[in-house]
Amino acid sequence: MYLKFFVFLSLVTSVPLLFIIPGGTDVPLSFVVSLFLFPSLVENIKFFFRKKLFAVSVLILMTQIISLLWSIKVSEGFRDICYMLSFWFLISGIYSLHKKSPDSLLKIIKCFLILVCFEAVTIIIFRLLPEMKLSLVLSPPMRYLLGQNVLDSLVLEGARNNFYDPEKSGGLLFINANIAACYVGISSFLSYNVAKLKNDKLLYAISFVLWFSVFFSGSKASAIFAILIPGFIYIVNSSSKKRMSLLVFGAIPILALLLYFSIFNVDINNTFLTSTADTTDSRMEIWSYGVNSFIASPILGLGYGGWMAGYAKIATVLYPPHNTIMYMWAKSGIFSAFFGLLFIYLVIKSAFKSISSPLHHIKRAGTTLLMVSGWLFLHGFGENFGLIGDPHQMIVLAIAISMNFSITGSSKSNYEVV
1 MYLKFFVFLS
11 LVTSVPLLFI
21 IPGGTDVPLS
31 FVVSLFLFPS
41 LVENIKFFFR
51 KKLFAVSVLI
61 LMTQIISLLW
71 SIKVSEGFRD
81 ICYMLSFWFL
91 ISGIYSLHKK
101 SPDSLLKIIK
111 CFLILVCFEA
121 VTIIIFRLLP
131 EMKLSLVLSP
141 PMRYLLGQNV
151 LDSLVLEGAR
161 NNFYDPEKSG
171 GLLFINANIA
181 ACYVGISSFL
191 SYNVAKLKND
201 KLLYAISFVL
211 WFSVFFSGSK
221 ASAIFAILIP
231 GFIYIVNSSS
241 KKRMSLLVFG
251 AIPILALLLY
261 FSIFNVDINN
271 TFLTSTADTT
281 DSRMEIWSYG
291 VNSFIASPIL
301 GLGYGGWMAG
311 YAKIATVLYP
321 PHNTIMYMWA
331 KSGIFSAFFG
341 LLFIYLVIKS
351 AFKSISSPLH
361 HIKRAGTTLL
371 MVSGWLFLHG
381 FGENFGLIGD
391 PHQMIVLAIA
401 ISMNFSITGS
411 SKSNYEVV
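Residue numbering for the sequence shown is 1 to 418, as defined by the UniProt record's numbering.
Take these hints with a grain of salt, some might be off.
In silico lysine-lysine, BS3-like type, Cα no more than 30 Å apart, as pairs [said to hold, decoys possible]:
1. 99 with 363
2. 353 with 99
3. 196 with 313
4. 353 with 46
5. 100 with 4
6. 353 with 107
7. 349 with 51
8. 363 with 51
9. 363 with 107
10. 196 with 363
11. 196 with 73
12. 99 with 110
13. 196 with 353
14. 198 with 100
15. 107 with 46
16. 4 with 73
17. 353 with 52
18. 220 with 107
No lab work stands behind these hints: they were computed from the structure.
Take the sequences, apply the hints, and build the full model.
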């Protein structure tokens, strides 16, 4: 009962991040709740120490802790460290609950995905009614869902976070449309794959709403990932007898993109490509600064807060690295970046290993992990999600990893539900 309650609370409070902890530090309730899952990590510590992914995460934590010595903004380092710990508390809690009560876990995941679906609906509504977005998100009560610091930053950084762009929509719970689109996108993959395992009609419907909302976010990369990742999975899971169908499938991305352009009256030869070119130019400027900084301090990096301090000397508008590995190097040095790459490799390798299994439930667990992590990691190479994503996204990744751990250790006879 203890485990079930805190897994449930950790998941449902992660959708609307409830900032109700006093003190002005914007600590979400979901983080505090996840700390109560620490006993499950202790209970399964032998299992996790046999996992290379866990060992690499420990090494990443060590580099982050050491880098605090030369950081100018130590609070950022504590945040990264705390969220990595919370991430593994969640994995261990979900893993334990699946072993003890898989049916209970399914109900919790369904509740979680229903809440995410409400966020997806607001993405659609706010894209169609941008004035409603401004009036609701900027209202005082939203400090409990977004945090007072985030609301205050909108005055100075709203344009940078594409919040005031009428062609961008992050729904009710996000100020950045790219982060929101990735969140509902990977959640749609989770919902669809769980629905496939259990033939759950509600989860099928939820997965469609989540996936459909991606195209209302205004995130160009997310629109592409929402189409190409399912296409890639289709090809991976296809036998040689289905090669002809792949030719037909190749037309689907084109039709979907045309539908996307039609819905929002996007001029393919002008608006979309110009916007994409502008984004690319800004990324190249950021990464150019990153390369020069790397040459100056390749081993130690810049420490927490060092990137922004250095960037302020050459520009009036400050941007973070927009690349997961570059950000890890900037914060904690070359070893942190290396372990970050190793983390990504191990997750993807684990997913492909499960996909190659002849057992349907193991193959489905691997497919879920590949779709979720693939989007999060690829998108992270052009954004500031961090290695495990933001506090919303990391929940979906934690579910996918823990389910893959648990299901690959289950025989077909005793397997009940993902």
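Inset, instruction - Decide if the proposed pair is consistent with the structure: residue 363 and residue 107, CA atoms, cutoff 30 Å inclusive. - result: holds, 22 Å
Inset, instruction - Decide if the proposed pair is consistent with the structure: residue 353 and residue 52, CA atoms, cutoff 30 Å inclusive. - result: holds, 14 Å
Inset, instruction - Below or equal to 30 Å on CA atoms is what counts here, so check residue 196 against residue 73. - result: The hint is violated at about 46 Å.
Inset, instruction - Assess, step by step, whether the Cα of residue 349 is no farther than 30 Å from the Cα of residue 51, and give holds or violated. - result: Between residue 349 and residue 51 the Cα gap is close to 13 Å, so the pair holds against 30 Å.
Legend entry - Straight-line alpha-carbon gap residue 196 to residue 313, limit 30 Å: violated, 52 Å
Legend entry - Given hint residue 46 paired with residue 353 - CA-CA distance at most 30 Å: Distance of about 22 Å is within 30 Å: holds.
Legend entry - Hint consistency between residue 107 and residue 46 [alpha-carbon to alpha-carbon, up to 30 Å]: Distance of about 28 Å is within 30 Å: holds.
Legend entry - Restraint status (C-alpha distance of residue 220 to residue 107 at most 30 Å): Violated - the C-alpha atoms of residue 107 and residue 220 are around 33 Å apart, more than 30 Å.
Inset, instruction - Assess, step by step, whether the Cα of residue 99 is no farther than 30 Å from the Cα of residue 110, and give holds or violated. - result: holds, 18 Å
Legend entry - Satisfaction of hint between residue 353 and residue 196, Cα-Cα up to 30 Å: holds, 20 Å
Inset, instruction - Mind checking the alpha carbons of residue 196 and residue 363 for me, to see if they're no more than 30 Å apart? - result: holds, 11 Å
Legend entry - Given hint residue 99 paired with residue 353 - CA-CA distance at most 30 Å: Status holds; Cα separation ~21 Å.
The structure fails hints 3, 11, 16, 18 (numbered hints given earlier, in ascending order).
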